[in-house]
Amino acid sequence: MSSQYPGMIESALFSRDVIAEIQRAATEGIYDIRGWGAKRPLPHFDDLVFLGASMSRYPLEGYRERCDTSVTLGTRYAKKPLELKIPITIAGMSFGALSAQAKEALGRGASAVGTSTTTGDGGMTDEERAASSLLVYQVLPSRYGMNPDDLRRADAIEVVLGQGAKPGGGGMLLGQKINARVAGMRDLPPNIDQRSACRHPDWTGPDDLEIKIRELREITDWEKPVYVKIGASRSYYDTALAVKAGADVIVLDGMQGGTAATQNVFIEHVGIPTLPALRQAVEALTELDMHRKVQLIVSGGIRTGADVAKALAMGADAVSIGVAALIALGDNSPALDEEYRKIGSRAGCYDDWQAGRDPAGITTQDEDLASRLDPLLGGRRLANYLRTLNMETQIIARACGKSHVHNLEPEDLAALTIEAAAMAGVPLAGTQWIPGRDGRF
Amino acid sequence: MSASETLPTTRVVDLRSSTVRELNQALHDLPPDAALSRWEVRSAAGEHALAVGINAPCTVEIKGHVGYYCAGMNKHAEITIHGNAGTGLAENMMSGRVVLRGNASQSAGATGRGGLLVIEGDAAARCGISMKGIDIVVRGSVGHLSAFMAQRGRLVVGGDAGSALGDSLYEAQIFVRGQVTDLGADCIEKEMRAEHLEALGALLEAAGVNLPARAFRRYGSARTLYHFNVDHADTY
Ligand SMILES: Cc1cc2nc3c(=O)[nH]c(=O)nc-3n(C[C@H](O)[C@H](O)[C@H](O)COP(=O)(O)O)c2cc1C
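Chains as they are written, first to last, in the working numbering: chain U, 2 to 442; chain E, -14 to 221.
Among these hints, one or two may not hold up.
[To be verified] Calculated cross-link-like contacts (lysine-lysine; reagent style DSS-like; alpha-carbon spacing at most 30 Å):
1) U:Lys80 <-> E:Lys60
2) U:Lys81 <-> E:Lys60
3) U:Lys245 <-> U:Lys81
Simulated from the structure, these hints should not be mistaken for lab results.
Turn these sequences into a full structure, and let the hints guide you.
Structure representation (structure tokens):
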């Protein structure tokens, strides 16, 4: 490589960021842990566009013609399936990672628009149960706070096998976030690091999971939908096995999915993006004749109504959001820029959610910081954001001539890159070409 | 359900003529403040999820071997199993008492948060894994990785313990009478003081296990892994 300034040539391989990370590792002797999801560019829904109606398709009138958004989850076995007004749910985020105020705000926002929210590693708080009209209760490997009374007062049960940010990984809640209440709920002393196991303590493999799910159904008299959440890696097989194990609903979380605290190397290098994972899951469901019978919720990088509409068009029944919901509550607000700078970050970049020093009061257990988040206001902001996502989804669905957002289909999509065409299984725009189909690739 | 009466207060459910669902529903229909009721379950025949999620004071005698998760998440009930048990016996038990007259498979008492689990035979691997306050008394031996990541409560082993006992232990206490193959990361032997002898004696008595407390050794957490420290990376 030559340059007009010899001696000033930057390495593409060893970029400034790479060099800085080597230097940091050499100084600190430990990997970097952070929150948020994958931050590097990845093939995503932005690489797809909709083919709006024209000569051969009939659009719906934007402000007059109905476009439904309701979704029913858990129709396979549950006596009481969940009826959501919008196809966007709030993902599981633990009390511990988030403040009690943030959990309450998530419940309020979701309830205001008729959708569900989800507990997380650390159990169910009374505030979130009271604030959430529909609450999904997670059964995680750690079983922190696991309680049959909470199972009975939940609206659905989600057995968590993994997260998109860290398929195959457990969790870690650092000691500085463990106050007395969090510790008490987890049956552990305060202020110590809490490791969450990566494997469940009482089952291994799909045959055991089938029996475990049956036990959960027996405990709750077969009333509640049972979800199985998987981090995207071998999505085709995992989906098929979750169906076999008796899931009512599959929650599939792509590698862009958020986390409260995970090693950077794990977030950026383990798992596959949401786009190909979703296609594989839909393929598995379709082959088993279970598409729409076992519902599919997809997460990992959902930000806009366009993302929602594309996920639905590819075959998801609903989506769920984590990072975007926190941002809606007030995370990374420009108004806090000065405070973010004091702790080595800035508004728009802050991802030290493991550290418990969040000036927005969301990813903290510090009482003073947490009291900065007003659950009422946070809930209103989240409801506004969810309504916007829903309206954006409807705008696209109407433009494609659909009277229900679930009528969106892969045929409505085209891909902007060859990679996205192959991963999503839709043609490259302007061609009939789907790389990997018909043995042509 | 064909519930016939033997003794005036004992309801008998025979699983040759009733389903597991009917049994569990009948047990769930008991309100938490119900008067004590007595149940006998016959022909268990290895069925899974028997007597799970009970939330009322009652006694349940189960005749025969049981499958996975028998007595799972129990609250208040006293359940006795006259046979062997599959994986996850009394998993996540909250309170009450579960007595197994035979041997238990893996993960007995996993994540239990309260109550007393007594296993009169042996228990396989991962007994008391991730336990959170339950007391488990095993008359015989336990398999490898027992009390893995155990947080709270007590595991008492009258026989031997397999390898990696108490790996990554938190605040649970372990007492073993026989040989320990080896201890897991951060688990160490601790001094048996008078208060431990007394508490263990009371627990053995409550469990109906006739062994002297002084024959046991005590193990607990060295607490060196409570805060991640890069110099301990080789320990994991
Ligand atoms: C702060 C935070 C905490 C989380 N905690 C949990 C958890 O306890 N259990 C879980 O299954 N997933 C957890 N997740 C992952 C989310 O449930 C979800 O899979 C992910 O956030 C979706 O991707 P998105 O953030 O791009 O929307 C967490 C995510 C965040 C951001």
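Q: Enumerate the violated hints, using their earlier numbering and listing them in ascending order.
A: none
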